[in-house]
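Take the sequences, apply the hints, and build the full model.
The residues making up each chain are set out below.
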Amino acid sequence: MEAGRRSVSGWTVANVVVVLYAMVPVLWIASLSFKDPSTFSDGSFIPRKWTLGNYAGIFTNADFVRGLVNSIGIGLISTFVAIVFGTMAAYAVARLAFPGKRLLIGVSLLIAMFPQISLVSPLFQIERALGLFNTWAGLILPYITFALPLTIYTLSAFFREIPWELEKAAKMDGATPFQAFWQVIVPLAAPGMVTTAILAFIFCWNDFLFAISLTSSDAARTAPATISFFTGSTQFEDPTGSISAAAVVITIPIVIFVLFFQRRIVAGLTSGAVKG
Amino acid sequence: MNGAASRGARADGAAAKAKGRALTEGQRAERRLGLWLCAPAAIVMVVVTGWPIAYSVLLSLQRYDLRFPEDKAWIGLSNYATVLTSEVWWTAFWVTLLITVVSVAIELVLGMLLAFAMYRAIVGRGLIRTVVLIPYGIVTVAAAYGWKYAWTPGTGWLAGLLPEGSAPLTERGPAIAIIILAEVWKTTPFMALLLMAGMAVVPEELLRAASVDGASLWQRFTRVTLPLMKPAILVALLFRTLDAFRIFDNIYVLTNGSQGTGSVSISAYHNLIGGLNLGIGSTMSVLILVTVAIIAVIFILGFGTAAPGSER
Amino acid sequence: MAEIVLDHVTKRYADGTVAVDDFDVRIADQEFVILVGPSGCGKSTTLNMIAGLEDITEGELRVDGRRMNERAPRDRDMAMVFQSYALYPHMTVRENIAFPLKLAKMGKAEIGERVERAAGLLDLAPYLDRKPAALSGGQRQRVAMGRAIVRDPKAFLMDEPLSNLDAKLRVQMRTSISRLQKSLGTTTVYVTHDQTEAMTLGDRIVIMRAGLIQQIGPPQELYDHPRNLFVAGFIGSPSMNVLPARLEEGLLRTPIGDIPLRGRLRRAADGPDVPRDVIAGIRPESFEDASLMHDAEEGGTFTGTVDLLESMGPEKLAYFTLDTGAVRSEHLAEAGGEEAGEGCQLVAQLDPKSGARRGEAVRLWYDTQAVHLFHPETGENLTER
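Going down the list, the protein sequences come from chains G, Z and D. Note that the working numbering has the first sequence beginning at 1, numbered continuously upward. Note that the working numbering has the second sequence beginning at 1, numbered continuously upward. Note that the working numbering has the third sequence beginning at 1, numbered continuously upward.
Just so you know, these hints were derived from the structure itself, not from any lab. Honestly, I wouldn't trust all of these hints.
Computed list of lysine-lysine pairs in DSS-like fashion (alpha-carbon distance at most 25 Å, straight line) [said to hold, decoys possible]:
no., chain 1, residue 1, chain 2, residue 2
1, D, Lys316, D, Lys154
2, D, Lys102, G, Lys168
3, D, Lys105, G, Lys168
4, D, Lys131, D, Lys154
5, D, Lys182, D, Lys105
6, D, Lys154, D, Lys182
7, D, Lys102, D, Lys131
8, G, Lys168, D, Lys316
9, G, Lys168, D, Lys131
If you anchor each label on the Cβ, the simulated ranges turn out as follows [what the hints assert, rightly or not]:
no., chain 1, residue 1, chain 2, residue 2, range
10, G, Trp164, D, Gly16, 17 to 27 Å
11, G, Phe260, Z, Ala209, 32 to 42 Å
12, Z, Ile300, G, Pro187, 58 to 68 Å
13, G, Val186, D, Glu310, 48 to 58 Å
14, Z, Val88, G, Lys49, 39 to 49 Å
15, Z, Ala209, D, Glu310, 26 to 36 Å
16, D, Asp64, G, Pro187, 56 to 66 Å
17, D, Pro126, G, Trp164, 50 to 60 Å
18, Z, Val57, G, Ser216, 23 to 33 Å
19, Z, Val88, G, Asp36, 38 to 48 Å
If you want the ones that stay clear, here's a sample from chain G, every Cβ over 10 Å from chain Z, calculated [stated by the list, open to error]:
no., residue
20, Trp50
21, Val69
22, Ile77
23, Ile111
24, Phe124
25, Thr135
26, Glu167
27, Lys168
28, Thr176
29, Ile265
In this text, a Cβ means the ideal position worked out from N, Cα and C, and glycines have one as well.
Quick look at the structure:
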């Protein structure tokens, strides 16, 4: 197909449309975050009066900072455990024959489709009974559980891409199964593991329902939940500014991830989701 | 001597012997390794979901309100009767269904367009693919707050486009429309990615052959691409439908379920965490789970969606 | 020293399918043995069993007298070259070749020395620091060989190592593999589906079909004395001509003439359980342009119209279509080649000086003593009993 002038300009228009689609809401909330609180009710897209006060406000807000810390810590731990367990299971699913393999795949698909609220009800009670309520572990456990299907799925697709013969060659070269795994398979699977880790982290970072249901204070409350409890810097102030600033802050790391790892993420989502 | 016949006889005898036979050492080692590797993941998944679900079912059979713990009692299926005859529940149910169907339908169409753009753009393909991941990556509640403020009269730029004095988030119809908008905005990119993967499977040569045979762009799309994409479309629909049915974050922020805009998840949440009524909350949870299962079954058995990853 | 003995080795899968049936071969030290046959004949499975990548269901594998059935591949001291080379993509050529030595915990100095030596033998010195992705097919193949020879193992196991190369490169690599094996003196078991490779490389060839050994022997023996129709059709290019024939009153009646039953043909015809209708086989090389035959050696003649003439340079191939129907046999179908057409085709290899021309009749002479007789059902070669 020749890239005639018409199709180039057509695609440029399409580009602009897509960029607007994706960015406008994001730019809007960014704009709100820079607006001086006195101008909140002017309804304009671009701030008429700029200020960094909203950002200053949330970073001095102990709850929010604590919320960030919780989000980062819980997210990293959950992701780490999910990747470790998920890699082991994904390797087994992609390479080995054992009874119950289909059952495992079925169960993980089930969990992926699970309505989270159905888990919140009993976990609320169980965690209180076990003393896990409002703790990091109390969130880490459901996060791992929900991240595992995603990890197993995406990673087994990556593992299937690695040629089987490399393992045979390693065996012939004298490697034990562990040596073959560690020195040959893992380096090749590493990019896939990075991608999966990013996807898992995004999932944990994004969660809201578990965060608001299973926490009651900033001991374990993650950032998205903290935001919904904002009442502004003082109780007289409209929280719009704080909420917008906070929303921008929790979005930035993810946007950076996405921009840097775009190719990997697209590859991970598409190879994992639909088998050709 | 007929080689084929004697070989066949030998194979039969072998099969009979093989059934009673133990596995070779190599196979046994492989099985052991496989089970050990899966164990941690399997245990976590089963324990963290299995036990709570069972417990949830138990709770749903009790009258258990944390505000009146002394009143705790086994009441069998009466919670179910209460919920299933409650107007609040059914309103939430139909609203959820409405939001699900409408948003998935819109996402399918928009997603297909977006997938096409991501797949075939001559100019700026990398840009589109990058930019499109932003709605996917952004925290749902962050985006939801953005939408909320956008539509709030006075504060919002979108509200300013509407006739004076209207507050769409406080009226049922418009509020639901905004919720659908927020959902669609956020998850269309994911749908587009799934569809793009499906598109990539269609062999280029088939499209060229169709083009030579005289098919127009539209015909090539409907007669060649779409049918070959059918499995991918069904999988994408399955995932998104189940996902949409559990909608929570957007509604919580935008309306918190007021004016009859709540979803079933919101209702369950209000009863459970808000009202501290474990009995009713659990009942709703179980019902939601059952509905989701039914939807999945309809898709898999009715439309023949192959669960992705199932060995063909 | 590595003598490999496969003592009635059988491979049976859990569902009952037999991939390798009663494989019984003794491979001498330093011998180059080829396993050849169509796909699915069990040659790769046999190789994998020798390597330890697949379990042996029945029978015993012995190397230098020691039983190997239970040993893991790493304990068998054999090196394998794979069809896809299986080079570690994240390692350089040097690291790829050094990998088995590293696993054996060899000293750095010795590893370095061995790698240099292997690289020298295979002309890989300029590529040592490149990664496999930056190499051509032929270079990758040599790296795979380097990884195998650097260990100085008891045996080389090669699984169709040349199949992924283009034709010219294949011919070049064939000779270098042959030279390498002779100079290193390592026992080698080589799997291929290409009969030309088999014929040119092997000391002995094991030709397999559907898990069973059809014949074992040096290349010339398989060529001159094929034990059955499958072997006759598999070995030799262009393939042996097969014609329907009939034994009658001291004559073998064929579409190319009646051949008197004398000598070996007579002995075959007089044998037990010989049916009247048989299949006659005669190789294209057994023909010659009658006008170029000065001393009329004992043989038959036949005149036919040339359908197609291929001038190869050192020879001419003349194609004829005979009046009778083609021979259809499952043995031939499995031996490969195209589905037999309607008419019976004959290929004759003629001296380049022959004046045969397309569309013209030519009188051919053929060596009647070079005719093989095959049983139409079992495919057994009646003249080689």
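Going through the hints against the structure:
1. At roughly 45 Å between alpha-carbon atoms, Lys316 (chain D) and Lys154 (chain D) are farther apart than 25 Å, so this suggested pair is violated.
2. For the hint pairing Lys102 (chain D) with Lys168 (chain G), the CA-to-CA distance comes to about 17 Å; that is within 25 Å, so the pair holds.
3. Between Lys105 (chain D) and Lys168 (chain G) the alpha-carbon distance is near 20 Å, which keeps this suggested pair within the 25 Å criterion.
4. Among the hinted pairs, Lys131 (chain D) with Lys154 (chain D) is inconsistent with the structure: their alpha-carbon atoms are about 28 Å apart, more than 25 Å.
5. Our distance criterion of 25 Å between C-alpha atoms is broken by Lys182 (chain D) and Lys105 (chain D), whose separation comes to about 29 Å.
6. Our distance criterion of 25 Å between C-alpha atoms is met by Lys154 (chain D) and Lys182 (chain D), whose separation comes to about 14 Å.
7. Of the supplied pair hints, the one linking Lys102 (chain D) and Lys131 (chain D) holds, its CA atoms being roughly 18 Å apart against a limit of 25 Å.
8. Of the supplied pair hints, the one linking Lys168 (chain G) and Lys316 (chain D) is violated, its CA atoms being roughly 46 Å apart against a limit of 25 Å.
9. Annotation: proposed proximity of Lys168 (chain G) to Lys131 (chain D) holds, straight-line Cα distance about 20 Å (limit 25 Å).
10. The hint said 17 to 27 Å for the Cβ distance between Trp164 (chain G) and Gly16 (chain D), and at roughly 24 Å that hint holds.
11. The beta-carbon spacing between Phe260 (chain G) and Ala209 (chain Z), approximately 40 Å, falls within the hinted interval of 32 to 42 Å.
12. At roughly 38 Å, the beta carbons of Ile300 (chain Z) and Pro187 (chain G) sit outside the given window of 58 to 68 Å.
13. About 55 Å separates the C-beta atoms of Val186 (chain G) and Glu310 (chain D), a value consistent with the hinted range of 48 to 58 Å.
14. Evaluation of the 39 to 49 Å hint for Val88 (chain Z) and Lys49 (chain G) yields a pass: the beta carbon distance comes to about 44 Å.
15. Separated by about 34 Å at the C-beta atoms, Ala209 (chain Z) and Glu310 (chain D) satisfy the suggested range of 26 to 36 Å.
16. The hint said 56 to 66 Å for the Cβ distance between Asp64 (chain D) and Pro187 (chain G), and at roughly 36 Å that hint is violated.
17. Taking 50 to 60 Å as the suggested C-beta distance range, the pair Pro126 (chain D) and Trp164 (chain G) does not conform, at roughly 31 Å.
18. For Val57 (chain Z) and Ser216 (chain G), the Cβ-Cβ distance of about 26 Å falls inside the hinted range of 23 to 33 Å, so the restraint holds.
19. The hinted window of 38 to 48 Å between Val88 (chain Z) and Asp36 (chain G) holds, with their beta carbons roughly 42 Å apart.
20. Against chain Z, the non-interface label of Trp50 (chain G) holds: every CB pair exceeds 10 Å, the least being about 16 Å.
21. Residue-level check passed: Val69 (chain G) sits 16 Å from the nearest beta carbon of chain Z, beyond 10 Å.
22. Listed as outside the interface, Ile77 (chain G) is consistent with that label: its C-beta sits roughly 13 Å from the nearest C-beta of chain Z, beyond the 10 Å cut-off.
23. Not every CB of chain Z lies more than 10 Å from the CB of Ile111 (chain G), the least distance being 6 Å, so the non-interface label is violated.
24. Here Phe124 (chain G) does not stay apart from chain Z, with its beta-carbon only about 7 Å from theirs, under the 10 Å limit.
25. Remark: the non-interface label on Thr135 (chain G) is consistent with the geometry, its nearest Cβ contact in chain Z lying 15 Å away (cut-off 10 Å).
26. With a closest Cβ-Cβ approach of about 12 Å to chain Z, Glu167 (chain G) is found to remain outside the 10 Å limit, as its non-interface label requires.
27. Chain Z leaves Lys168 (chain G) outside its interface by the beta-carbon criterion, the shortest separation being 13 Å against a cut-off of 10 Å.
28. Even its closest Cβ contact with chain Z, about 12 Å, leaves Thr176 (chain G) beyond 10 Å, as expected for a residue assigned away from the interface.
29. Chain Z draws Ile265 (chain G) into its interface by the beta-carbon criterion, the shortest separation being 6 Å against a cut-off of 10 Å.
Taken one by one, the earlier hints fail for this structure at numbers 1, 4, 5, 8, 12, 16, 17, 23, 24, 29, listed in ascending order.
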